[in-house]
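Engineer: First to last, the protein sequences are chains Y and Z.
Quick note on the working numbering: the first sequence kicks off at 1 and runs consecutively.
Quick note on the working numbering: the second sequence kicks off at 1001 and runs consecutively.
I should point out that these hints are in silico values taken from the structure, not numbers from a laboratory.
Below 30 Å or equal to it, Euclidean Cα-Cα: the simulated DSS-like pairs (lysine-lysine) are:
1) K496/Y x K1080/Z
2) K1146/Z x K478/Y
3) K1076/Z x K1114/Z
4) K1141/Z x K478/Y
5) K485/Y x K1033/Z
6) K516/Y x K1033/Z
7) K1116/Z x K352/Y
8) K1114/Z x K392/Y
9) K496/Y x K1114/Z
10) K392/Y x K213/Y
11) K496/Y x K1030/Z
12) K492/Y x K1141/Z
Some, not all, of what chain Y presents toward chain Z, calculated at C-beta under 8 Å:
13) L100
14) S347
15) I348
16) K489
17) S500
18) I509
19) T512
Facing chain Y, from chain Z, some residues (calculated, C-beta under 8 Å):
20) K1114
21) V1123
22) E1163
Virtual Cβ for every residue (Gly too), placed ideally from N, Cα, C.
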Amino acid sequence: MRIEIIVLICYFIGMIGIGLYWQRRAKKSEDFLLGGRSMGPFITALTLQTTAMSGYMFMGGPSLAYAIGWFALFYAVGDAGGGIVNIAVMGRRMRRLSQLLDCISPIEYLEKRYNNAKPVKVIASVICIFGLSGYILAQFLAAGKTISILFNFPIAPSLIVGVGVILFYTFVGGYFAVAWTDVIQGIIMVSAVIGVLVLSISKIGGLTALNLKLAAIDPTYLSVWGKDLQYQGAWSVIAGAVLIYLIGYVGLPHVVIKHMAMESPSAAKTTLIYATVWNQLFIFSPYLLGLCGIILLPNIKDPELVIPELAFMMFPGVIAAVVLTAIMSAIMSTVAALLLLTGTVLSIDLYKRWLKPDATDKQIVVMSRIMIFAVGVVGIIIAIANPPGIFKLVIFAFGVMACSFMPCYFCAIWWKKANATGACAAMIFGGGTNFVMTAMGYGDSAFFSGAVAGIVAMYIGSQFGQKTTTEMIALIDKASGKYAKISPKIEKANCKTLVSEGRAVSNYILSTEYMKERGFSLSC
Amino acid sequence: MLIKTISRTFSEEQIVGMLNTRDENIRIEKVDKLYYPYAMMIYSVKLKKGMMSKFNRQMMCNIDLVCARPAIGKGKPTFKEIEIDEVMAVPPQVDKDDLDGIGHDYVVRIFIGKMKILQTPIVSVDSIDYFHKLFYIVHCKDDEDKDYFIMADSMDGNISILEC
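Here chain Y stands alone, though its shape is the one from the complex:
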């Protein structure tokens, strides 16, 4: 039996064994299963980062960098989030308006801004499900490819095995998981990425040597316009590369779980600081590894396997197999979280809300698990029938979401006349244009075309339908800071989870004698 198979089996037996051992010792199961337990900010941030590591990170990103050179880093810039790119155009005002509207999710924000119109919510939800499905499918492909390289199987059976393992983990993983399995897996994954990156860069001779060697192969690898200068002058493509994740992420149907600290006062959120550091550190690593692959793996058949191949090159077989197995674990945990989210949305927000309002808890759980299984089966069929590349699939999904939502978010705060009709038109035409152009093979222009189509649709659509109410216009003015000028540092610290209380308290102190009786003296 190949060493990798032995390592894989031993790894999973080990993780299951750790889980069972600690479960037997524990008097009750860990609260972390429900997202409650903290193991200290450093470890919590580490496990947060490892759950964010997905098939895209290990396969999609490196394959793009391998194909196109340093241009790929534009996607990393967007992926790194608002901490890198300051969205001065939307950031502060959007946060303020979402607070004024008492919203804790992006879909809720759109719904409330655009007259609480049901079509806005329905269309936005459908687009989110589409985006989420594309992202999940990409993870299935990544799992299949990992199994394929580990076992040297053809891709189709690898996909079936990979998705089967993911579904098994999603349905019964809770019986074996404890906080320590997450920590161990996290340490292995982080060590793997750092290890492969450091060793690869060292083997090449450093970052300068990397660039010199890339230039020696093809100087356009270093160009901001991409290999062969294929995007020269195409600022719209660069804008798309940066914005596609920045805005696309907002389209994912987050399940915002509100937590209330109850025990004792806690200081500022150091977990968030650690998580930001981890995130910034690891966002760029896959792309750098893709560049290393150009030098070290010039004849690789499938660029999506750059990181696994580099792992086998840099580490002895056993360690490389452990690394790949840890990658598989990362994919599994990411997809399990996405599948559970999908199950929640489909079973509660669709099934219970619209089809069977009196559904029992058991029916909801059963429906959730059936939906998850169906997603898995459909995913396998699509992946086997016509497997797209992981990078292209993720870009497609995020591109449709970004083109759908960008005009809506932008106009929500910068154009008071934007209304529900305009928002629906923008989502349909913006996302639809991106979808059609990508399907027709014009993927490079899809984002820009979709964005333009969405903006035009927003303008035309807003000429019809119900106008923005005067109350909403007043809130938009407040969000734009036409009243008091609050410092950006305080604005940034505005906490999303307090929006409900904030709004209620605002209403209370404005409508009662609180200020007068408590001695507040106001300028106006």
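Got chain Y; can you put chain Z on it based on the hints?
Structural biologist: Just chain Z now, with coordinates in the frame of chain Y:
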């Protein structure tokens, strides 16, 4: 008015200190207290007996009694009773008969969205407690002497800019 509130919280001085740390130029005119009503629902989430009983747990679900927003409570609070002016407490607006439904649905949603197991939990209310959480209302002025207000959470120091 007699209310029940959480014992250990940040003091006014600590909150002002945190705000000054965030923005050294902030102009604070006055800080006052406001108490916000919640219901603390402790739910029993049970699976099967035997080995699966390890998954039985209690979950704390705090429900905002003004907006009916649920939240998972973290930690074991200790309470104290204090006397306050009635104007310092935001009056509740949620019907107490609706609380179990809100909390139950939220707990089930969390369970479906997080727990990687096949079984359906049996969710029942163990206890309901009513309390008020302290928020600090901080009156500030900008460079042009325009007023604005910040609400600061006495438990974790998080802030929210009020729409006043």
